[in-house]
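Asks: Required output: the full structure, derived from the provided sequences and hints.
Taken in order, these protein sequences are the chains called A and B.
Under the numbering used here, residues 1 to 242 are what the first sequence spells out, in order.
Under the numbering used here, residues 243 to 547 are what the second sequence spells out, in order.
Hint data in this document are derived by calculation from the structure and do not stem from the laboratory.
Mixed in with the good hints, there may be bad ones.
SDA-like, lysine to any residue: derived pairs with alpha carbons at most 25 Å apart [as the list claims (entries may be wrong)]: (1) A/136 to B/375; (2) B/429 to A/132; (3) A/109 to B/544; (4) B/366 to B/510; (5) A/112 to A/127; (6) A/94 to B/500.
DEER-style ranges, computed between Cβ atoms [as the list claims (entries may be wrong)]: (7) A/89 to B/427: 26 to 36 Å; (8) A/40 to B/505: 27 to 37 Å; (9) A/202 to B/425: 27 to 37 Å.
Virtual Cβ for every residue (Gly too), placed ideally from N, Cα, C.
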Amino acid sequence: MGMIRLLELKDICFFRENKKILDHVNLCLESDKFYVITGPNGSGKSTLAKIIMGIEKPDSGRILFDGVDITDMSLDKRAELGFGFAFQQPVCFKGITVYDLLNVAKGKKITKEEACNILSKVGLCALEYVDREINKTLSGGELKRIEIATIIAKNPKFAIFDEPEAGIDLWSFKNLIRVFKDVRSSLSGTTLVISHQERILNIADMIILMESGKIAKMDTKDHFMTGFFSGKKCCLGGDMDE
Amino acid sequence: MNKTDESLLKEVLPSDVKKADVYNIRKNGKCVERKVNPYISIDSKEDGSGIDIYVKEDTLFGIINIPVIITESGLKDVVYNDFHIGKNANVTIIAGCAIHNDSCDHSEHDGIHRFFLEENSKVKYIEIHYGEGLGSGKKVLNPVTEITMKKNSYMLMDSVQLKGVDNTLRKTKATLYDNATLVITEKILTTGEQYAKTDFLVDLLGENSSTHVTSRSVAEDFSYQEFNSNIIGHGSCYGHVECDAIIKDEGKVRAVPEIYAKSVDANLVHEATIGKIAGDQFTKLMSLGLNAKEAEDMIIHGFLK
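Replies: Next up, the structure:
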């Protein structure tokens with residue numbers, strides 16, 4: 001069977017302050033696959049994810065989604081089209097509750113029960129959280145799980161998670177792996193996760209390695225892990241390995 | 243009462259005025275309807291300048307509505323209302339004020355409210371201000387609130403002004419005795435060329451008295467807001483003042499939070515934040531499918547909720 005191209009990046013370049021952040025990136029991602037992008041800090045992973053979502057605009061190159069050129073499409077239009085993005089540092093609000101945000105994510109009014117079901121999927125005791133304001137009284141791990149819950153609620157065709165493990169404690173991290181295994185099996189569509197963590201890499205179908213703004217390598221998880229981690233027990237720049 | 247009156251009342255009262263245990267409706271400077279009960283009385287002052295509300299000791303869960311509506315353009319209405327809250331009483335007082343002005347003359351209401359809370363009493367005081375009308379005449383509301391809180395009393399003051407008031411100077415002054423607690427939350431949205439100034443002065447006289455003053459405001463277009471607060475701690479006490487403002491367009495906000503500790507045992511905190519809506523808040527909501535306008539509305543609505 002030929003591959004079904006869902007997202008295609010053609011010759012993407014992105015410069016900031018005379019520095020080449022993305023250097024002629026070409027990438028094809030298929031439907032219903034779980035991808036992990038890894039690589040050293042500063043290799044351009046987050047920028048690439050933001051360009052796919054429409055948070056940043058590339059200086060040159062094109063982005064095709066389902067064969068349609070979306071390079072000039074705004075962030076909200078891409079969200080409507082089926083993109084979702086979990087931020088590395090979840091945003092805090094004043095007065096907006098978890099329930100409010102889940103309603104927005106879902107695109108319609110949902111019941112408290114539906115909201116609670118979504119929160120349970122990220123391991124939050126739903127009744128305690130559904131009416132909580134998304135502000136700084138929540139811990140990093142709680143904010144991160146709420147952030148992931150918004151993506152589960154949205155159920156996008158193309159879900160992007162930017163370093164879901166960043167800023168959370170080890171206990172939350174162990175739960176996060178479980179959450180991602182669930183996401184892996186329950187979210188339809190394509191998932192793209194930026195991560196340094198071997199255990200997240202282990203869930204992937206395909207692993208993409210970025211170095212100095214380029215795609216250095218893209219391979220199936222098995223091939224990649226055999227080559228990259230043989231004889232090593234480490235992570236790529238992360239600091240949460242056991 | 244005509245349809246305009248009824249619609250004005252709806253803007254400033256959370257529920258039907260007739261459902262309150264006790265009420266006094268003031269229209270264009272005169273009382274038009276009043277209801278009392280054996281526990282809460284409302285008496286007109288002898289000089290006609292306002293009303294005295296007496297809540298008997300131990301009265302529990304009484305709801306008192308004292309709305310004011312002004313539909314007569316050019317009227318300046320000044321009223322002095324005194325609230326005497328007996329020992330152990332627990333009441334909710336809702337003082338909505340609405341102005342409808344279709345003319346070029348200014349309409350103004352200055353409500354001077356004095357609260358006397360006896361020992362162990364509790365008051366929830368909600369003040370909602372609203373203006374409407376197509377005339378060029380200004381809608382002006384200048385409330386003055388003076389609060390005296392005896393031992394162990396508690397008061398929550400919730401003040402809201404979200405629409406249509408062109409000019410407001412809001413003065414609140416409170417004196418707290420032992421173990422008294424005063425919580426003030428203020429929410430203001432100004433648009434056009436509206437002007438809103440708030441002055442809070444809280445004297446923490448008693449031992450273990452405490453206050454929390456929170457102001458959330460949004461200044462849009464060319465509007466101007468000023469927030470002054472001064473908390474004075476005389477002994478072992480706690481005071482916290484927080485001013486949080488969002489500015490848009492050419493809106494301006496000036497915040498002057500002042501705290502003055504007169505005792506080593508006073509614990510006083512102030513915080514003030516003014517700025518436009520954080521870009522990452524827009525990005526998050528837009529990444530969930532809202533357009534920029536919808537995202538802004540949601541952020542502001544949540545902020546002032």
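Asks: Now, for every hint given, state plainly whether the structure supports it.
Replies: Against the structure, the hints come out as follows:
no. : hint                       : in the structure
1   : A/136 to B/375             : 41 Å, violated
2   : B/429 to A/132             : 20 Å, holds
3   : A/109 to B/544             : 16 Å, holds
4   : B/366 to B/510             : 24 Å, holds
5   : A/112 to A/127             : 9 Å, holds
6   : A/94 to B/500              : 24 Å, holds
7   : A/89 to B/427: 26 to 36 Å  : 29 Å, holds
8   : A/40 to B/505: 27 to 37 Å  : 56 Å, violated
9   : A/202 to B/425: 27 to 37 Å : 51 Å, violated
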